[in-house]
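Kindly generate the complete structure, drawing on both the sequences and the hints.
Given next are the chains, with one letter for each unit.
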Amino acid sequence: MNLNDYLAVSGLLFAIGFAGVMLRRNIIIIFMCLELMLNAANLSLVAFSRFHVSAAGLPDYNGQMLVFFIITVAAAEVAVGLAVIVSLYRARRTTHVEDITSMKF
Amino acid sequence: MIKDYLPILIQAVVAIGFAASALVVSIILGKAGKRNPTKDTAYECGMLPEGNAQPRFSVKFYQVAMLFILFDIEIVFMYPWAVVFREFVRAHHPVIFWSMLSFVSILTVGYVYAIKKGALDWKK
Amino acid sequence: MSSLLPWLFSAIMLGFACAVVLNRNPVASALSLVVSFLALAGLYVSLNAFFIGVIQVLVYAGAIMVLFLFIIMLLDLKAEERRTLNTTATLGGLLVAAIFVCELFSVLRHFHKGSLPFPPLAAGPLDDVRGVGTMLFSNYNLPFQVIGALILVATVGVVVLSKRELK
Amino acid sequence: MNDFLGIDWFFLATSLAKTLGIIFLVVLPMVSYTVYAERRISALIQDRLGPNRTGIPFTNIHMEGLGQPIADAVKFLLKEDLTPAHVNTFYFWLAPCLAMAPSLLTLSVIPFGSWLFGVPMVIANVNIGILFVFAIASLSVYGIVLAGWSSNSKYSFLGGVRSTSQMISYELSLGLSVIPLFLLLGKLNLVDIVDYQARNGWLLLPLWGEGLTLRRWLLLIPLLISFVVFTISIFAETNRLPFDLPEAETELVAGYHTEYSSMKFALFFLGEYAAMITGSSLIVTLFLGGWHLPIPWWSSGAGFHFALVDGAAPGIPGILGGLFNIATFFGKVAVLLAFFIWVRWTLPRFRYDQLMRLGWIFFFEIALVNIFLTAGILFYLP
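Protein chains in written order, with our numbering: chain W, 1 to 105; chain Y, 1 to 124; chain S, 1 to 167; chain R, 1 to 382.
Note that these hints are calculated values from the structure, not bench results. Note that this is a predicted model, so its numbers are computed, not measured. Positions of the beta carbon are idealized from the N, C-alpha and C atoms, including for glycine. Be careful, since some hints might not be right.
Claimed, not checked - Per the computed footprint, the stretches of chain S lying under chain Y, defined by three or more beta-carbons under 8 Å from a beta-carbon of chain Y, are:
hint: 1; stretch: 9-18
hint: 2; stretch: 96-110
hint: 3; stretch: 130-137
To be verified - Ranges between beta-carbon positions, derived for each pair:
hint: 4; chain 1: S; residue 1: Asn139; chain 2: Y; residue 2: Lys117; range: 28 to 38 Å
hint: 5; chain 1: S; residue 1: Ala11; chain 2: R; residue 2: Thr213; range: 47 to 57 Å
hint: 6; chain 1: W; residue 1: Ala56; chain 2: R; residue 2: Val369; range: 34 to 44 Å
hint: 7; chain 1: Y; residue 1: Val24; chain 2: S; residue 2: Val96; range: 39 to 49 Å
hint: 8; chain 1: R; residue 1: Leu320; chain 2: S; residue 2: Pro125; range: 46 to 56 Å
hint: 9; chain 1: W; residue 1: Gly57; chain 2: S; residue 2: Leu85; range: 45 to 55 Å
hint: 10; chain 1: Y; residue 1: His92; chain 2: R; residue 2: Val369; range: 23 to 33 Å
hint: 11; chain 1: Y; residue 1: Val24; chain 2: R; residue 2: Leu320; range: 36 to 46 Å
Said to hold, decoys possible - Using 16 Å as the maximum straight-line C-alpha spacing, the simulated EDC-like pairs for lysine to aspartate or glutamate come out as follows:
hint: 12; chain 1: R; residue 1: Lys154; chain 2: S; residue 2: Asp76
hint: 13; chain 1: Y; residue 1: Lys31; chain 2: R; residue 2: Glu38
hint: 14; chain 1: Y; residue 1: Lys3; chain 2: S; residue 2: Asp127
hint: 15; chain 1: Y; residue 1: Lys116; chain 2: R; residue 2: Glu365
hint: 16; chain 1: Y; residue 1: Lys3; chain 2: R; residue 2: Asp8
hint: 17; chain 1: R; residue 1: Lys187; chain 2: Y; residue 2: Glu87
hint: 18; chain 1: S; residue 1: Lys163; chain 2: Y; residue 2: Asp121
hint: 19; chain 1: Y; residue 1: Lys60; chain 2: R; residue 2: Asp353
hint: 20; chain 1: Y; residue 1: Lys60; chain 2: Y; residue 2: Asp121
hint: 21; chain 1: Y; residue 1: Lys31; chain 2: R; residue 2: Glu80
hint: 22; chain 1: R; residue 1: Lys187; chain 2: S; residue 2: Asp127
hint: 23; chain 1: S; residue 1: Lys113; chain 2: W; residue 2: Asp99
Encoded structure:
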């Protein structure tokens, strides 16, 4: 596979995640599709880090550093996001997005 | 190199194949007995099961899972640090020791907060 | 054979990503998300990013998805009963995604540098944990501390958000 | 050489042979005979006999019950495979495979010998050895969560959740306790770790080569602490006593595998013992010198050295040396398995809150302090 194929695959993954966020009504599934979109961005970053090879024959580690930071931030985001979802479920007894429309509980 | 990871793929296929084939062989060999209602109820030392099958488990369990993710990141940052530590020490860059010390002390503040707020004691 | 592996991994990844979106049962979609993360880790290995691939399995497939399964079991979500499928929203969503895909492929067709094969790397074992480590502690020291502060905030947030129930 | 090679048939054939050899000729017989050894040793401890009747069928030769594992295997295969009505069947059947596969997969990066017939005795010599082991170990949690959830019964659900949160808490101290090792060595590759220990003294026994320096003896204290924390966390990871609360008969009937019968239950059982073997081979590889045995040897090439039979010496040992290395590795693993079994039948069980407090507060703190102790020593004594 060359760089274009990796970018195409990561674009398709992003499209699937994006469609999932648009289509699904369950807040946890939306959160999972959000993770898919994040991983699609990671894949294209790693593909570019492999594409730019330095003179010494090493891949460009800046791309991999960014992916490393994205993974850690996404982990912290999932921890807090799911805590919010659980307290939302405790307050409104539903995870269906259409029932949670008013800002005031 | 990528060539070294091929055996891992082979081992994964063999491990999953072994587990699946063990189950298939046990289906073929084991005789399916006739089903009766008592066999189909959940096993609760002989008594009739009461209460719903999935009790609401306490908040502690998923709180532990969340704190696990956050401290798993701390471990993940420690591995590259451990690998390059002695190189940086030989190259007289003291930054590596103090930067990790400050990172871990920031996280220990969160850890102490979690303990003080009773997230990690299971006394009740 | 071994140059077909990246194609196999991407096919598995995209297939199970669709399974995440289309599955009725939340546990089934969580598990197909785990399989697509593992396939993505395989893709990273085929891109010589071994450390990132292992971290992907360790953090995503090993920690985050366990929390997802815990939350799904805690909230005890039955498989969604057949809610009325809101056709306009579904078509709208699919249309936007389709437009994005067409846009992507038209851009890639004009990106000729991308269709060349990858440039060769240095021979011999590539110790990319050392590469990431030296890069992390020479150029990225400040973001490293900022990530520490962010995780501190996340810890406090998690404890406060789930503590409210204990009262 | 950088991208995927064409088909390197010799490499594929040898790795397939090593994989099949390790899984079917070494680990599975070892698992079944560990079960047999556990029943005999526990009988010895409790002053009773244990299985010593099953020998060669239709004859009077009892062979001290050595046929017991084979009889158990046949029994597990022939038993009726009951899938109770109230379980969701797909995950009910998937859970045993998920519990079994990861413990077999982690064996691929552990070097069980130096060289044999010119082929390195490790299935996958990867640069991220130990991280790969922790990544796959964190996947084994899925088997237990799914078993508890899919059995749809109170006891197995609570057992599954409890066992999962115990395993993930001890994964933290498992990961943290090993870092002083890599601070010293600077490489994550398990094969390099064993070669280093072959030449410079085991980490817990720095008696030759570079091991005689003050720094290595000063580092013995943090390495001993990390050895103790690592071993106890391995106990907790494999749900062995004194950490087997999720399957405690008195409280949760049989924990997450209450509803399972015949082969599915056997897979959980084999998975636990395979995880025990993987855990003890990890301890042997990281701390006790892997396949190396310090027999003094004078060889013309390298003069007097303590590394009789090691792959790293100038001359790669012949077939005899290779086999000897493999035998020493599995001998050490067997000694550690006996230690596992001996601890199980002597120590009482932890209460759940003590268990979580030990994992989260004590081990986590000790491992962190231990890391900075080692870093300090290495910082001021380069």
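Hint check:
1. 9-18: Coverage by chain Y is violated for the stretch 9-18 of chain S (0 residues, Cβ < 8 Å).
2. 96-110: Violated - the stretch 96-110 of chain S has 0 residues with a Cβ nearer than 8 Å to chain Y, which falls short of three.
3. 130-137: holds (count 6)
4. Asn139/S x Lys117/Y: 28 to 38 Å: Between Asn139/S and Lys117/Y, where Cβ atoms are some 36 Å apart, the hint holds.
5. Ala11/S x Thr213/R: 47 to 57 Å: The hinted range 47 to 57 Å holds for Ala11/S and Thr213/R, with Cβ atoms some 54 Å apart.
6. Ala56/W x Val369/R: 34 to 44 Å: Given about 38 Å between the Cβ atoms, the range holds.
7. Val24/Y x Val96/S: 39 to 49 Å: 44 Å, holds
8. Leu320/R x Pro125/S: 46 to 56 Å: Distance hint for Leu320/R, Pro125/S is violated at roughly 30 Å.
9. Gly57/W x Leu85/S: 45 to 55 Å: 54 Å, holds
10. His92/Y x Val369/R: 23 to 33 Å: 26 Å, holds
11. Val24/Y x Leu320/R: 36 to 46 Å: 41 Å, holds
12. Lys154/R x Asp76/S: Roughly 14 Å between the alpha carbons, so the hint for Lys154/R and Asp76/S holds.
13. Lys31/Y x Glu38/R: 30 Å, violated
14. Lys3/Y x Asp127/S: 14 Å, holds
15. Lys116/Y x Glu365/R: OK: Lys116/Y and Glu365/R at ~15 Å, within 16 Å.
16. Lys3/Y x Asp8/R: Distance of about 9 Å is within 16 Å: holds.
17. Lys187/R x Glu87/Y: Holds, at about 11 Å.
18. Lys163/S x Asp121/Y: With a Cα-Cα distance of about 13 Å, the restraint between Lys163/S and Asp121/Y holds, given a limit of 16 Å.
19. Lys60/Y x Asp353/R: This hinted pair holds, its Cα atoms lying about 11 Å apart.
20. Lys60/Y x Asp121/Y: Answer holds: Lys60/Y to Asp121/Y is near 9 Å, not above 16 Å.
21. Lys31/Y x Glu80/R: 5 Å, holds
22. Lys187/R x Asp127/S: With a Cα-Cα distance of about 9 Å, the restraint between Lys187/R and Asp127/S holds, given a limit of 16 Å.
23. Lys113/S x Asp99/W: Roughly 49 Å separates the two Cα atoms, so the pair is violated.
The structure fails to meet hints 1, 2, 8, 13 and 23 from the earlier list, while all remaining hints are met.
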